[in-house]
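A.B. asks: Use the sequences and the hints to build the structure in full.
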Amino acid sequence: EKGDLSVWQKPLNHIECIKLKQNKKTPPICSSDNADFAWYKDLESCVTPLPKTNNPEESAGGAVEDWPDRAFAVPPRIIRGTIQDMNAEKFREDNEVWKERIAHYKKIVPELSHGRFRNIMDMNAYLGGFA
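In this note's numbering, the protein residues as written are 9 to 139.
Heads up, some of the hints might be wrong.
[Said to hold, decoys possible] 25 Å max Cα-Cα, derived DSS-like pairs, lysine-lysine: (1) Lys60 to Lys18; (2) Lys33 to Lys60; (3) Lys10 to Lys32; (4) Lys27 to Lys10; (5) Lys114 to Lys10; (6) Lys33 to Lys49; (7) Lys60 to Lys32; (8) Lys107 to Lys10; (9) Lys49 to Lys98; (10) Lys115 to Lys10; (11) Lys107 to Lys18; (12) Lys32 to Lys18; (13) Lys29 to Lys10; (14) Lys60 to Lys27.
Hints in this document: simulated from the structure, not taken from any laboratory.
C.D. replies: Quick look at the structure:
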């Protein structure tokens, strides 16, 4: 946690996870590899697979910026054009909207600056949000 950011960090890839799964079967790796397919389907107790990599030091899905710069950097999936109707410019515009929203929320709820609240959500998040 630092400033406006609180981050749960995913692993770089699932190479170690898959090795561990050979001995321990729960939770299983999900059968679908589409992490964006979450609406209107039953919840499963499984781990969504990351894109495959061959090197334990390789970041699944592409190289990303270090924190805290990563929070505002265009993700590799968007740079590659794999997200429908999304591009780097739209992502940057959405980032600016969120910076304005956070500044506004901090004005009307000054306690937000003190890290005393968790799981605050804006239901119109689009690409972003904060919790």
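A.B. asks: Can you name, in rising order, the numbers of the hints this structure does not satisfy?
C.D. replies: The structure conflicts with hints 3, 4, 9, 13, although it agrees with all the remaining ones.
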